[in-house]
Amino acid sequence: MAGRRLTMAEAISEAFAQEMERDPNVFIMGEDVGVYGGIFGATKGLIEKFGPERVMDTPISETGFIGAAIGAAAAGMRPVAELMFVDFFGVCMDQIYNHLAKNTYMSGGNVRLPVVITTAIGGGYNDAAQHSQCLYGVFAHVPGLKVVVPSNAYDAKGLLIEAIRDDNPVLYMFHKGIMGLPWMAYFEGSTTEVPEEPYTIPFGQARVVREGKDLTIVTLSQMVHKAVIAAEMLAKEGIEAEILDLRTLVPLDREAVLASVAKTGRLLVADEDYLGFGLTGEIAAIVGEHLDRIALRAPIKRLGVPNVPIPYSRPLEQFVIPQVEHIVAAAKETMQGRVAAGGRA
Amino acid sequence: MAGRRLTMAEAISEAFAQEMERDPNVFIMGEDVGVYGGIFGATKGLIEKFGPERVMDTPISETGFIGAAIGAAAAGMRPVAELMFVDFFGVCMDQIYNHLAKNTYMSGGNVRLPVVITTAIGGGYNDAAQHSQCLYGVFAHVPGLKVVVPSNAYDAKGLLIEAIRDDNPVLYMFHKGIMGLPWMAYFEGSTTEVPEEPYTIPFGQARVVREGKDLTIVTLSQMVHKAVIAAEMLAKEGIEAEILDLRTLVPLDREAVLASVAKTGRLLVADEDYLGFGLTGEIAAIVGEHLDRIALRAPIKRLGVPNVPIPYSRPLEQFVIPQVEHIVAAAKETMQGRVAAGGRA
Amino acid sequence: MSPSKAQLLWMYEKMVEIRYYEETMAKVYMEGKLPPHIQKGLAFDIGSGPVPGEMHLAAGQEPVAVGVCAHLRDEDTVVGTHRPHHFAIAKGVPLDKMTAEIFGKKTGLGKGKGGHMHLFDPAHNFSCSGIVGASLPPACGAALAAKKRGQDRVAVAFFGEGAANQGAFHESLNLAALWQLPAIFVCEDNHWAISVPKEKAVSVASVADRACAYGMPGVCVPENDPLQVFEAVGEAVARARRGEGPTLIEVKTFRYFGHFQGDAEVYRPKDEVKHLRALDPIPKLAARLKQDGVLTAQEEEAIVARARQRVDEAFAFARQSPYPAPQEALEDVFV
Amino acid sequence: MSPSKAQLLWMYEKMVEIRYYEETMAKVYMEGKLPPHIQKGLAFDIGSGPVPGEMHLAAGQEPVAVGVCAHLRDEDTVVGTHRPHHFAIAKGVPLDKMTAEIFGKKTGLGKGKGGHMHLFDPAHNFSCSGIVGASLPPACGAALAAKKRGQDRVAVAFFGEGAANQGAFHESLNLAALWQLPAIFVCEDNHWAISVPKEKAVSVASVADRACAYGMPGVCVPENDPLQVFEAVGEAVARARRGEGPTLIEVKTFRYFGHFQGDAEVYRPKDEVKHLRALDPIPKLAARLKQDGVLTAQEEEAIVARARQRVDEAFAFARQSPYPAPQEALEDVFV
Ligand SMILES: Cc1ncc(C[n+]2csc(CCOP(=O)(O)OP(=O)(O)O)c2C)c(N)n1
Ligand SMILES: Cc1ncc(C[n+]2csc(CCOP(=O)(O)OP(=O)(O)O)c2C)c(N)n1
Ligand SMILES: [Mg+2]
Ligand SMILES: [Mg+2]
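Chains A, B, C and D supply the protein sequences, listed in that same order. Numbering follows the numbering used here, with no gaps: position 15 of the first sequence is 15. The numbering used here runs 345 ahead of the 1-based position in the second sequence. The numbering used here runs 690 ahead of the 1-based position in the third sequence. The numbering used here runs 1025 ahead of the 1-based position in the fourth sequence.
Rather than coming from a laboratory, the hints here were simulated on the basis of the structure. Since we're looking at a predicted model, the values are computed, not measured. It is possible that some hints are incorrect.
Calculated pairs, SDA-like style, for lysine to any residue (alpha carbon to alpha carbon, straight line, at most 20 Å) [claimed, not checked]:
id, chain 1, residue 1, chain 2, residue 2
1, B, K677, B, A640
2, D, K1299, D, D1288
3, C, K960, A, E48
4, C, K695, C, F1024
5, D, K1315, D, S1029
6, B, K389, D, F1285
7, D, K1131, D, D1288
8, A, K263, A, D214
9, D, K1225, C, Q988
10, D, K1173, A, P52
11, D, K1173, A, N25
12, C, K838, B, R399
13, D, K1065, B, T537
Partner residues aside, some chain A positions facing chain D, computed with beta carbon under 10 Å [as the list claims (entries may be wrong)]:
id, residue
14, N25
15, F50
16, E53
17, M56
18, E62
19, T63
20, T192
21, Q323
Taking CB as the label site, the calculated pair distances span [as the list claims (entries may be wrong)]:
id, chain 1, residue 1, chain 2, residue 2, range
22, C, R839, B, T545, 45 to 55 Å
23, A, E21, D, D1177, 37 to 47 Å
24, D, H1300, B, E538, 23 to 33 Å
25, B, R683, A, R338, 12 to 22 Å
26, C, Q1010, A, E237, 39 to 49 Å
27, B, E538, D, K1065, 17 to 27 Å
All C-beta atoms in this analysis are idealised placements derived from N, C-alpha and C, irrespective of residue type, glycine included.
Can you build the whole structure from these sequences, using the hints too?
Written out as C-alpha cells, the structure is:
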C-alpha cells in the first residue's frame, strides 16, 4: 500500500502495536497512556488492543514507575515508560541517570535493561517554562542512555522499533509540534509515507535531508522542518545549504557532521534546546577538534534558546525559539563570515 | 595576620560563619550539617556557634528541604541548602531547575530567591559511579542558576560570600579532593592564604593562574592543580602553557577565554565532567564562533570523562578522569597540531 | 468555628467571581482556536488566540479556595497548582494583572513570562507551579520562615488527589510534622488526575488517611461545601497559628470542565458532569444564605453584578494591554 | 511460622559468615590508609589501600538479612542499599566474585566497575544502590514482572529508617499497594542515618506506622532477633506469594561500626556501642539454639570454621585476582 501517509503520532502508536504483538514482554506504563491514549497520542488505540495489563495507567509517580520499569527489565521484560513531558525529568532523574543508565556498566555488562522512555519535548505553543523544553543536552551529557529524537513519521516508526528491540535503555523524545495532533499546529513535512510492515532504522546515522555546497546546517527534531523552509529561501538567494538531521544524539554520527562541514566549510547548528553547554556546543566542538582536516571558511554559528527559561507570551517565545527567519539570517551571516588570517604555525 | 593558611573546607566554614553573624536571615539546612559539621567539613563548627535553629540537620528529603529553601527565600530569608553529593541531584532536580531557577524569570523579576545550594563534586578516591561526578554541565545548561566552582581556599571564601549576598540562586560546587580534609588526599595548592576579614570575588571573572604564550588550558576546580603541575612539566620541554581557572560557569568569562586563545592560538580544555554535551564543548564552541578574530594554530583539544560512568576500580578510574599526564600529552599533541590549509574563501 | 456574616458574604462573592472568571476564560480561550482561522485539518489549535497554551479551569472547585482563604491574611502564604485561578482570586491577587499575565501581556504579574500556570504575586504571598506535587515543599519553607521569625503566619499548599502520590507530598508532610510547621496541606480531591481516577492512583480511600503516616491530624471534608471547608480549615489554621503544627485536609470536590480546555473527556462517564451540575455549590450556598437571612435577593444581584464587573474589567484591561517587546525575553533571568 | 532446624542453622551460619566478613573487611579496608603510607598531614586516606572509597559495614544488622532471606529462593529479587554485604551474602551472592568486586578486580561481579555499593548478581536476582531510597522502585518492578507472568516470585526492598523519608519510599509503597504486588518492604531501623537520629528524621515512632497510608499491613519487629524477623517476614512472603499484596516491615536493629569506616562518630553517645555489644544477636542465637538442642558445641565450631574459611578464601581470591586493564573502562556502557 504505497503512499500511505501517517502522522508521527500514528507512526509511533503503530510501532508500539506491532512490537507488542511480536513480543509479549513489551508493555507500557505512564500517566494517561490508557483510555486517553497518551496526551500526545503516542499510545492511541493500544489499550483497546492490548488491555490494561499491557497499557498501564499509573499514578503521578514518575520515580516509582520508571524505577519499576528498571526492575521489570532486570527481570526479563521490555517495559516502555512514558514521561509525559521531558520537563518533568526533575522528579525522577535519579532512577533514570543513576540507575537505568548506569546499572549495565556497574555490573560489567551483566545486567541488561531494555527500557524505552518516551517523552514529549519542545515549545512553540505557549506552554511556558515548565512544559516547553527540549533538554536532550542533559540526557546526552550523562552516559548510559541512547538518545533518539525523530523528526518525521517514517523515522519515528523505524527508530522506535529499533529502540524497543535494543537491549539498552533508550530515551525516545518526540517534539509535540510534529506529532500531527488534531489540536496543535504542526509542520506538515513531519507527516510522511510510512510502510505498514515493521522496519528498523539503525541508531547513529544522521540523514542528509537536503544536499548543498555552501554551508551545513546541523539540526534535529522539529527544527529540521524550519531548516528546510529556510534552505528554500536561501536557495532563492543562491545559497545552497546542506541539512543534516542527527536523528540520534547518542550514538552521534560525528562522521556525517565532519564530512558535510569538510565539504561546505561552514557550519550552522540550529537547535531548540538551551544554547549553552549542550548540543550546539558539542557539534561545534567536534568540528573544532578536526580543524586539521576541515578548512573552515567562516566562524561556526549556533542557534538555540539563549539561556533563558521559555517565556509564556507569544512574542517572547517566538523570539527565544529559533525560527525560520533566524536560520536564514544566521546562514547569511555565516556566508559573509571570514576566518582570521595567520594561524598556520 | 598575613600568611594565615586555610584549607578550602576551613575557608568555606569561615565564610558561612561570617555571613551568619552579619545577617540573621542566613541559615543552613542539610543532611549532617549539624554535629557532624558536613560530610566534607563545609559546616564545621557552625552548630556550636549558631545552634540547631540556624544549622539544621534534615531528614534525607532533598526535594523537601531544597523546596523549603525556596519558600523560605520567597519569605525573605537567605537559606543555604547542602546537597551532600551533586550525584544526588536526580532526587530533587525539579525543585532546583523548574522552580528555584525559573521563578524569578516567570515572575518577571518580582520574586527574589537568594538561595545558595552547596554541593560536593568530583572523583579520584574510588567512590564509583554514583558518588564521583561533577555534573556542572547539567546545571550550566539549564538557565537561572549561577554556577560557582572554586579551585582553592582564597577563591572559595570570596566566592561563597558573594554567593550568599547574591539575590539570585547560586549553585556552589566544591571538589572533595581539594577541600583539605584529614581523610582524603588533596592537591596542596588548594590550601592558600586567606584573609580573616570577609571579602567577595565577583562572579564571571576567570583567573589567569599562569601566563604562557604557547597554548591556553581552560580548566576549573581540582583540575586547575593538575594543569599547574602539567604546565611545569611542559615548561621543562619549552612549552609555555597559559592556565585559565574559570571559577564560575554562569556567568562565564567568555572574554578571558577568547583573549587568551587569541594570544596563544591553541586551546586545550581540561575538565573532570563528562566530555560530551557539556563544558568542554561550550568552551570549544565559543572559540569556534570567534574564528574571525582568533587565528587557531591547531585543532581544539578536549579532555573529560569519556562518556562512561565513573568506574570504581582504581586503574579504571584513573584512566577515565584526566590526570596530569593526560594533560601533558594532550598539550604536546596540540603543539604538534596543524589546521587545514585553505578556508579563506 | 462558624463564619461571620461578612465571611459568608465574602465567600459567596468570591465563588461567584471565580465561577464567572472561569466561564469567561473558557470562552475567551476558544477565540481564534477553531477553523477556519487555524491550520487546515486541525479541529482546534492550542497555540492560537489571545490565550494560547494549556488552560486548566477550576469551575466547581470554588468551595476549596474560598473556604481556605477566608481564614488567611495577605501575609499568609498560598502555593497553588497548575489549576490556580480560584486560589489566586480567593487569595486577593489583583484580577487585572493576573488576567494580563494569562494573556501574555507586559502588564501581567510576570510581564507575560509566566502565564496561566505561573502566577506570582509576592504582595499577597501567592505562587503556583505547573509541576504536580511541587506546591508542598515551598509551603513548608514559608512556614519555616514564619516559625523562625516568630510570626503567626501560616502557609497553605493546595494540591490535587493525583499529586498525593508524588514523592514531594511525602517529604513535605514529614518535614512539616517533624518541625511542627504552621502549614496546612489541602488536597482537592476532584476524583480525576487528567484521565486517571482516584481509585487507580491513591491506594487508600481518602488522602486524609495518609496523615497517620506523619503523626499529624487528617481531616476529610466529605462535601464540596464552603462551610464544611471553612470549618475544617479554621481549626487547622488556628492550630498552626498557635504553634501546634500542620494539618492534612482532603476536600471532596469536582471539576465541571475537562482537565484542560479542549479535553474530549473520553475517560469520563457521559452524565457525570450533568449529575455534578445539580450539586453546584454556588446556588446551594445562595439558597442557604437566603434561608438563614444572610442574603437578600437584592444583595445577591448586587454581588453578582459587582463580581462580574470586576472580571469584565480585568479581561478588558488584559486585552488592551500591550505585549512585551520580543527582546524583553532576555531580561529577568537574574535580578 | 517457625523456622525448621535447617533454617535455624542456616541463619546462624550466615550470621557468623556476615559478621566475619564485615570484620575482615574492616581490617583489610584500613590497609594502606594510615600514615606513613599516605599524604603527609592526613590521618587517614580514603582513596588508598586495596579497598578504596567509602565502606559501609553491616555488623550488627545480620538478623535482618538472614531473617528475610531464609524465606527466599534464587529467583526472588532482593534490592539492597549502600550497606549491602549482609543482604548479598544472605541472598547467596558468590563471596569470591563479590569480594573481588569490592577490591576492584576484573574477576568481580561487575569487572571492578561497580564496587562495594554496586553489587549486581543477576543469577541470584540481587542488586543494590548507593542512592538512599533507590531500592524500592526497582523492587516494585521485579514484583510487577512476577505478577504479570503469573510467577509466585517475590521482591524484597531493603532500606534504612533514613530512607523512609525519601519520596521514592512513598511512590513505591503506593504503587505496590495499588497494584497488589508481591513485594516486601523491609526497613532496617538502626536509629542513625549517618549522624541524624531517627527522631530528627521520621515524624512517627515506627516506619511500620506508615503502612496505614497505603492500606497495607505494617509490622514492627521490636528486637534485633533473627527469629522475630523470620516470623514477620514469613507471613509477608506467604501473603505475597499468594497474591495478597505487599507488606511493610520495620526491624529495630543496630550497627556496630560507624556509618562508614573512618567515621569518628562524634554524634554517637560514648557508650552506645558498648551497650549494643551486650545485645549481640549472634551469641544470643547460638545460646538459644544450644538450649533448644539444635546446635552442639562441636557443630558450632564447625560452622564458624566453615564460614571463616569461605570468607578467607573469598578475600584470598580477591587479592590474587588481576586488576582490569585501564582501557576496559570504556567497555560495558552498552551491551
Ligand atoms: C510531575 C508531573 N507529572 C505529571 C504532570 C502532568 N499533569 C499535569 S496536571 C496532572 C493531573 C493532576 O491531577 P491532580 O493532582 O488530581 O490535580 P487536578 O488536575 O485534578 O486539579 C498531570 C498528570 C505534571 N504537570 N507534573
Ligand atoms: C538521595 C541520597 N541522599 C543522601 C545520601 C547520602 N547518604 C548515604 S547513606 C545515608 C544515611 C542513610 O541512612 P539509612 O537509610 O538509615 O541507612 P543506614 O546508613 O542507617 O543503613 C545518607 C544520608 C545518598 N546516598 N542518597
Ligand atoms: Mg484531581
Ligand atoms: Mg539508619
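Outcome of the hint check:
This hinted pair checks out: K677 of chain B and A640 of chain B have alpha carbons roughly 19 Å apart, not beyond 20 Å. Between the alpha carbons of K1299 of chain D and D1288 of chain D the distance comes to roughly 17 Å, so the proposed pair stays at or under 20 Å and holds. In summary, the hint linking K960 of chain C to E48 of chain A is supported, as the alpha carbons are separated by about 19 Å, within the 20 Å threshold. As the CA atoms of K695 of chain C and F1024 of chain C are separated by approximately 45 Å, the hinted pair breaks the 20 Å bound.
Among the hinted pairs, K1315 of chain D with S1029 of chain D is consistent with the structure: their alpha-carbon atoms are about 15 Å apart, no more than 20 Å. A distance of roughly 19 Å separates the Cα atoms of K389 of chain B and F1285 of chain D; the hinted pair therefore holds under the 20 Å criterion. Proximity of K1131 of chain D to D1288 of chain D is assessed by CA-CA distance (about 29 Å); at most 20 Å being required, the pair is judged violated. With a C-alpha separation of about 8 Å, the suggested pair K263 of chain A and D214 of chain A falls inside the 20 Å cut-off, and the hint holds.
Straight-line distance between C-alpha atoms of K1225 of chain D and Q988 of chain C comes to about 57 Å, which puts the hinted pair past the 20 Å bound. Restraint check: the Cα-Cα separation between K1173 of chain D and P52 of chain A comes to about 11 Å, which is no more than 20 Å; the hinted pair holds. Of the pairs offered as hints, the one joining K1173 of chain D and N25 of chain A holds, with about 9 Å between alpha carbons and a cut-off of 20 Å not exceeded. For the hint linking K838 of chain C to R399 of chain B, the alpha-carbon distance of about 9 Å falls within 20 Å, and the restraint holds.
Of the pairs offered as hints, the one joining K1065 of chain D and T537 of chain B holds, with about 17 Å between alpha carbons and a cut-off of 20 Å not exceeded. The beta carbon of N25 of chain A is positioned within 10 Å of a beta carbon in chain D (closest approach about 9 Å), and the interface hint is therefore held. At its closest, the beta carbon of F50 of chain A sits 12 Å from a beta carbon of chain D; the interface hint therefore is violated under the 10 Å criterion. Among the interface hints, the one on E53 of chain A holds; its C-beta lies about 7 Å from the nearest C-beta in chain D, closer than the 10 Å criterion.
The beta carbon of M56 of chain A comes within 8 Å of a beta carbon in chain D, closer than 10 Å, and the hint placing it at the interface holds. Against a cut-off of 10 Å between C-beta atoms, the interface hint on E62 of chain A holds, since the closest Cβ of chain D lies about 8 Å away. Proximity of T63 of chain A to chain D holds as hinted, the smallest CB-CB distance being about 5 Å (cut-off 10 Å). A cut of 10 Å between beta carbons decides the hint on T192 of chain A: the least distance to chain D is about 29 Å, and the hint is violated.
Because the closest C-beta pair between Q323 of chain A and chain D is about 36 Å apart, greater than 10 Å, the hint is violated. For the pair R839 of chain C and T545 of chain B, the supplied restraint of 45 to 55 Å is violated, since their beta-carbon distance comes to about 27 Å. Checked against the hint of 37 to 47 Å, the C-beta distance between E21 of chain A and D1177 of chain D comes to roughly 28 Å, which is inconsistent with it. Restraint check, H1300 of chain D to E538 of chain B: a C-beta distance of roughly 47 Å breaks the suggested window 23 to 33 Å.
Evaluation of the 12 to 22 Å hint for R683 of chain B and R338 of chain A yields a pass: the beta carbon distance comes to about 20 Å. A hinted range of 39 to 49 Å for the beta carbons of Q1010 of chain C and E237 of chain A is consistent with their spacing of about 41 Å. A hinted range of 17 to 27 Å for the beta carbons of E538 of chain B and K1065 of chain D is consistent with their spacing of about 20 Å.
Of the numbered hints listed earlier, those contradicted by the structure are 4, 7, 9, 15, 20, 21, 22, 23 and 24.
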